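Take the sequences, apply the hints, and build the full model.
There are 2 protein chains.
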Amino acid sequence: MRCAVSEVYIAAVGQIPVSKGGDTLGRRLGAAAIEAALAEAGGVVPTALYVGNMMSGILSDQQQLGALVADAAGLRGIEAMTAEAACASGAAALRLGVMAVKSGLHRAVLVCGLERMTHAPRARTTAALATASDWVHEGGHGESFISLNARLMRTYMDAYGARPEDFAPFSLVAHDNACGNPNALFHKVVTLETYLGSRELVAPVRLYDASPVCDGSAAVLLVDEELARAAARDGKPLVRVAASAAATDSLALSDRASLLRLDAVIASTGAAYAQAGIGPDDVDLYEVHDAYTIITVLSLEGAGFAAPGEGTRLGVEGAIRPGGKVPIATRGGLKGRGHPVGATGVYQAVEAYEQLTGRAGANQLPLATVAMIQNVGGTGATVITHVLVREG
Amino acid sequence: MRCAVSEVYIAAVGQIPVSKGGDTLGRRLGAAAIEAALAEAGGVVPTALYVGNMMSGILSDQQQLGALVADAAGLRGIEAMTAEAACASGAAALRLGVMAVKSGLHRAVLVCGLERMTHAPRARTTAALATASDWVHEGGHGESFISLNARLMRTYMDAYGARPEDFAPFSLVAHDNACGNPNALFHKVVTLETYLGSRELVAPVRLYDASPVCDGSAAVLLVDEELARAAARDGKPLVRVAASAAATDSLALSDRASLLRLDAVIASTGAAYAQAGIGPDDVDLYEVHDAYTIITVLSLEGAGFAAPGEGTRLGVEGAIRPGGKVPIATRGGLKGRGHPVGATGVYQAVEAYEQLTGRAGANQLPLATVAMIQNVGGTGATVITHVLVREG
Chain A
1086 MRCAVSEVYI
1096 AAVGQIPVSK
1106 GGDTLGRRLG
1116 AAAIEAALAE
1126 AGGVVPTALY
1136 VGNMMSGILS
1146 DQQQLGALVA
1156 DAAGLRGIEA
1166 MTAEAACASG
1176 AAALRLGVMA
1186 VKSGLHRAVL
1196 VCGLERMTHA
1206 PRARTTAALA
1216 TASDWVHEGG
1226 HGESFISLNA
1236 RLMRTYMDAY
1246 GARPEDFAPF
1256 SLVAHDNACG
1266 NPNALFHKVV
1276 TLETYLGSRE
1286 LVAPVRLYDA
1296 SPVCDGSAAV
1306 LLVDEELARA
1316 AARDGKPLVR
1326 VAASAAATDS
1336 LALSDRASLL
1346 RLDAVIASTG
1356 AAYAQAGIGP
1366 DDVDLYEVHD
1376 AYTIITVLSL
1386 EGAGFAAPGE
1396 GTRLGVEGAI
1406 RPGGKVPIAT
1416 RGGLKGRGHP
1426 VGATGVYQAV
1436 EAYEQLTGRA
1446 GANQLPLATV
1456 AMIQNVGGTG
1466 ATVITHVLVR
1476 EG
Chain B
1086 MRCAVSEVYI
1096 AAVGQIPVSK
1106 GGDTLGRRLG
1116 AAAIEAALAE
1126 AGGVVPTALY
1136 VGNMMSGILS
1146 DQQQLGALVA
1156 DAAGLRGIEA
1166 MTAEAACASG
1176 AAALRLGVMA
1186 VKSGLHRAVL
1196 VCGLERMTHA
1206 PRARTTAALA
1216 TASDWVHEGG
1226 HGESFISLNA
1236 RLMRTYMDAY
1246 GARPEDFAPF
1256 SLVAHDNACG
1266 NPNALFHKVV
1276 TLETYLGSRE
1286 LVAPVRLYDA
1296 SPVCDGSAAV
1306 LLVDEELARA
1316 AARDGKPLVR
1326 VAASAAATDS
1336 LALSDRASLL
1346 RLDAVIASTG
1356 AAYAQAGIGP
1366 DDVDLYEVHD
1376 AYTIITVLSL
1386 EGAGFAAPGE
1396 GTRLGVEGAI
1406 RPGGKVPIAT
1416 RGGLKGRGHP
1426 VGATGVYQAV
1436 EAYEQLTGRA
1446 GANQLPLATV
1456 AMIQNVGGTG
1466 ATVITHVLVR
1476 EG
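Protein chains in written order, with our numbering: chain A, 1086 to 1477; chain B, 1086 to 1477.
Keep in mind the hints are simulated off the structure, nothing from the lab.
Quick caveat: nothing in here was measured; it's all calculated off a predicted structure.
Certain hints may be false.
Said to hold, decoys possible - Here are some chain A residues pointing at chain B (derived, C-beta under 7 angstroms):
#: 1; residue: T1109
#: 2; residue: A1177
#: 3; residue: M1184
Here a beta-carbon is modelled for each residue, glycine too, at the ideal position from N, C-alpha and C.
Below is the structure:
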């Protein structure tokens, strides 16, 4: 009755440069990324589109992006819907796409991550981002994502004696890596002095601990094994989605078992390792959700790369750099490439695919075979992890 | 390489009465419907939750309902995300649940439709609903869903010479049926005189052509074939999701090929018929998306129950009544039960399941074996169709 379903592969990717202050409509941003993916699709025709987006309804008065973006991209008529899981919306759409192919209901589907955040007044965007928190207990009382992450960071510093300079490497490495990525928002080297000298948004979170508000869109085409192998005969690389796993936690920090542990990171990473048949040592790159440096540290610990309280050492010791034990943010991450929230999870997939197929340009890692990408909604309330593996 | 995947069954359902003006938090509405479904789940433990919702971000400053509602329902930790396709968000979540089980990634998943609309000022809710239209071309220019449906209705009346009284039966039958449904918002018989005497919201749409603003939540538990058959041995009815199909169209009416034809209804119904191996004559009840009487008429035509221009005859001739050829809105539909938008698609599934399993109380149809449910986003931009079949 139950049997093995199709494996899922990435057949093509597309992205647009992350930007600030443009006036292009969201549908056009999405369509541009989709058109880029379709341009390298080799004639494969998708029959569904899943859009990851968080704030279009609030900031642009526009819902139903699935049908809207499908139409804008010349795909009117196909199945479409929007997936939302706050800042993990992109990965939610990616997971939806994986299910659609594995279910046998589709053989080729598009996943598009899309967010437009810079056209609204900054205060409105900040409030919209706080709708990912528990509004009754947090956002509605004036908490923002900066203040919530500040609470996590302060708790961590108090518990483990971590100093500000221990967090700096996560920001510096991301900015270094972004310099080699033409689609990144920032192309500037950040030094320890700059990091330490940057203003505190909400102590102890400094400007360079936080990812920027920006606009962007990315897309991937997922196909079943038969289509992927046919494309491979024509010379296309084979990149398999070896794991897809999601887990949740309370939105409100006050309801958590511990502020020093992201349970949903632990659960979704554990499930992803089990699905892919790997462990942390097998991961060649980890596109971590570095929205805030404290989230990076807690994610590295939750994913098994460091013991609790020792995540910052990975930064200090250089393990997170391109040649290190666990390279992160290899194309700039959320901090350097930018964090257009609903698009981020799909940018991560695009960038990991590029690393695995030798398309990462100035940022190319040697011998990357296994990439783990992780997208976090809220301060750890929804965590979605995918493992991509290059075959052959 | 490709093989038959698991069939998907409904194992349990839950709902709360549709209401107006309550002050219960959305998460609690969702949790109540889920708890009702779990109470009859016979110990089956779901491993994921998919929430259908359209406007929580706009009207309640709360996104990430997947994780939030999971937590409120005592399911903290499980996979969760939100599906959005405007007024078809409930069916989008249902389709996501179907994919999750068919993909083999889950054996039992919860689907919850949820919307809270009456706590905001009426003008704000009306504007929020218009975010399902093309905001750049319609909503942003002052169009509402009433005015857009008025354009469809006027065009239909002009083309086919339909009169106001031709639309009345769709409203009257829905209200008649709602009288027997304890979970319906309205329990009052509406007469032709009341219908014709009701005020025009935007001519020719009268008050009784439109579904009400309200709050509600419904839930279904989907399981794979093995779990369903095990439950059947304990006496549970077997209701299979025999088809699940989605299609889209332009959001803007001005971009449509024809205002008299809902192409996405035609496409998704056609695909659903093909999947289930049935045609219109095999459908025992059609839970149609009767948000506006004109949508009902165009849907009946698009789904093949009447030729173009002849949909209103099904009302006049009584075919849509419980004993008729194609009973619709059997528990009151969107008009009588109410239309809490993101919840509606799941209410439809709950009600169809009740009909197929002899639980429809005063509204029970005799010998109902095949139910078609259809949920429409916008004025036909996203249309998602499911066919439920009682086995044995």
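Handout entry: Earlier hints that do not hold, by number
Key = 1
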